[in-house]
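Take these sequences, add in the hints, and give me the full structure.
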Amino acid sequence: MIRISRPKQPPSFLTSDRVTSHRKELLTYLRRGESERRERRDGLNEDLFFDSEWLSEIGRAFKGKCAFCETKLDGQGRTLHFRPQRYVDGANDGQLDYYLWLAFEWRNLFYACYACIKAKGNRFPVAGDRADYLATFDEVLKQEASLIVDPTAQNPDKHFRFLVDGTIESISEEGDETVIIFYLNRIELVTERQRVIADMLAYLDDPVQLRRLDYLLNDDSAHLGAALQVLKRITRYWRPESPIRGNGERFVHNLMSAIRFASDEEIRRLRLATEAEVSGRLVQIEDTSAPLAFRRQTAVEPFVTIHSHELSRIRISRFKAVEELTLRFPTSRAKKAGMPAMIILGENSMGKSSVLCSIALALIGYREAEKLKNYFPGLVQSTDTDTFDQLDDKRVSVKVDFFFKKASAWFEYDPVHRSAKGGDEPAVIVLGYGARRFFNTNIKDRRSGAAARVRTLFDPLATIPYPGEWLRAQTGKRLATISSALRTILALNDDDELIVEPTRLAVRANGQVTSIDALSEGYRSVFVMTVDIIRELIDNWDHLEEAQAVVLIDELETHLHPRWKMQVMTSLRRVFPKVQFIVTTHDPLCLRGMDDGEVVVLQRDMQNKIVSLSELPPVSGMTAEQLLTSDYFGLASTTDPGAEIELATLAGDVARRSVETGELEIALSESTVDLVHRLTIGDSPTSQIVQDALMQYLEKREARNGELRPRLRAEAVEEVLTALLRRDG
1 MIRISRPKQP PSFLTSDRVT SHRKELLTYL RRGESERRER RDGLNEDLFF DSEWLSEIGR
61 AFKGKCAFCE TKLDGQGRTL HFRPQRYVDG ANDGQLDYYL WLAFEWRNLF YACYACIKAK
121 GNRFPVAGDR ADYLATFDEV LKQEASLIVD PTAQNPDKHF RFLVDGTIES ISEEGDETVI
181 IFYLNRIELV TERQRVIADM LAYLDDPVQL RRLDYLLNDD SAHLGAALQV LKRITRYWRP
241 ESPIRGNGER FVHNLMSAIR FASDEEIRRL RLATEAEVSG RLVQIEDTSA PLAFRRQTAV
301 EPFVTIHSHE LSRIRISRFK AVEELTLRFP TSRAKKAGMP AMIILGENSM GKSSVLCSIA
361 LALIGYREAE KLKNYFPGLV QSTDTDTFDQ LDDKRVSVKV DFFFKKASAW FEYDPVHRSA
421 KGGDEPAVIV LGYGARRFFN TNIKDRRSGA AARVRTLFDP LATIPYPGEW LRAQTGKRLA
481 TISSALRTIL ALNDDDELIV EPTRLAVRAN GQVTSIDALS EGYRSVFVMT VDIIRELIDN
541 WDHLEEAQAV VLIDELETHL HPRWKMQVMT SLRRVFPKVQ FIVTTHDPLC LRGMDDGEVV
601 VLQRDMQNKI VSLSELPPVS GMTAEQLLTS DYFGLASTTD PGAEIELATL AGDVARRSVE
661 TGELEIALSE STVDLVHRLT IGDSPTSQIV QDALMQYLEK REARNGELRP RLRAEAVEEV
721 LTALLRRDG
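Residue numbers for the sequence shown, in UniProt numbering: 1 to 729.
Hints were generated in silico from the structure; no laboratory data involved.
Check the hints yourself; a few may be wrong.
As the list claims (entries may be wrong) - Okay, derived cross-link-like pairs now, SDA-like style, lysine to any residue, Cα gap no bigger than 25 Å in a straight line: (1) Lys336 with Ser12; (2) Lys335 with Pro415; (3) Lys399 with Gly476; (4) Lys421 with Asp393; (5) Lys336 with Asp51; (6) Lys371 with Pro415; (7) Lys24 with Gln9.
What the hints assert, rightly or not - Label-pair distances were calculated between CB atoms; the ranges are: (8) Asp89 with Phe137: 29 to 37 Å; (9) Glu241 with Gln95: 51 to 59 Å; (10) Lys158 with Gly246: 13 to 21 Å; (11) Ser56 with Thr20: 17 to 25 Å; (12) Gln95 with Gly43: 31 to 39 Å.
Positions of the beta carbon are idealized from the N, C-alpha and C atoms, including for glycine.
Structural data, given as structure tokens:
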């Protein structure tokens, strides 16, 4: 960490009409009474902090580095709110929405890496009381004493000591809290700081390479604060009577000048000072200045306490129809707030449901998995191509890796010994919902344990407990939290409300009161599933926005009206922003709310093995028809379903490969020409070329059993371009 000179003028983005307008809307919410605010979501549009213009401006202000660990971010930085946006860990019940009113305050916004943002979470310790609700930023600074070092307002050298091995020691209470909260002694940081310091000392000892210090230690360099502090400690011991002046690049320039004009004796003393630093003697000399309570404080890993078990990779081997499959998650969403999600597409029998079951078994731990042992024999893969049998002795294996956690969750089943192994305990809270999602009003509670929460993925007749009685038992702030979440999921307007009374559950919408039991099947299905998720999470987190879990949903579109299909993923991710959703679907409308890179397509390759399709086009901005005809769903056309079938048949009838040459031979019959004309309109030269390319593309797609579509599509496009250029030339 290094002292940062923050520009006094806020970036233009913070004063733009879009932000100003949204800030006013936020204040309208914040000025409501506490009880009203508890029943509503605040409406903060966190996506604004992912705006490219904003990230570019704040990135420049912080020289492209994380403000806290000084990692070079290369444009991948994100916005960190020094004082949290909504909830503060450890705050009392009366401190709702702290410090939401500072969401767009320039002095509260920092450029940071994902690891530091994740480590900090909502922690903001203070000595004494917190500031008044809705206090101005200047009043906040006067009213409360932060225990986290602000590098834009404080000198980090007064709170930390950097050592040549790359570690940080805290020398104040604020420094101690900061090192722990941001986990500044994480392995990759220590390693990189050690490398920078070692390079610096090597250049310092070699007159030929001395000039490279300018490059290594410029204001934009990673870990400049650590390197400069070590260098200043060496120079103070080297020249105590005439210390090198300046900060940052000015200090480096002055030091290089001093070395160039130094005598041989001074160079010898510089080397002795460097050796003393490397051996740790200089730190020992200065150690008397450090308060005893904070000497050699290092950070423990914080992610265990903040439940940060985010899935990074899933590896599945010989699980039902899946022989070998690896799926990966991005570290974060690129342009939006919240956790990355995954939606899995594919035709029937492509292993979509199997993927969800495999993840569930790995995450719940083998003790809980044993409760589902009746389903284990059905997990074994049948490898024979002519008959179905499960007589092979190869083990079923699933491994789930996490970001920021070394240990993996895993599950294995040995079909020979009929035994299962896996992790001792559930790795994370996991909820699973099968394609049917039945609920029984007579069943009010599910069995305890993680296995019960995923049983509907394995048993199509298993039911979700009806939450009516549980919901009617909720009161006060807990009920307000639930109502706030359901208001978003059920798309209720500001004047609408959820009615929870001892004798009924109802929704008041559009001036009418309707019992939950009288609503449509799709409405009730979403209602029951959402309340079931809330029910499992609310015992562990006071605020659902902070709840972390993995939720698996098979065939998300079941029972849903098209309008609901379009908004279901967006709504779920808004209500549970820190939950990782992994879902399957056959409906392109459900892809709304997904980012590029979050959609997985499963299909069979030329060896008839299930693989994940690569090189998929961007999903954002596509219409439903474009999605259907893209590689996500693979239809040739949505114009005439009969024509799709007819064309596939004709392609096999009229297009054949020569036995002698292997070349494609197409004999266009009158009916074939008529069919292609129905699919492509126009008789211009360009249209004719496109029609010809369409025939070749569709024939190849049918003929090459299982070949990956992006390559075929690329070949077809290339043929069209070549033909067009040939015509123009």
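Taking the earlier hints as the rules, which of them does this structure contradict?
2, 3, 8, 12
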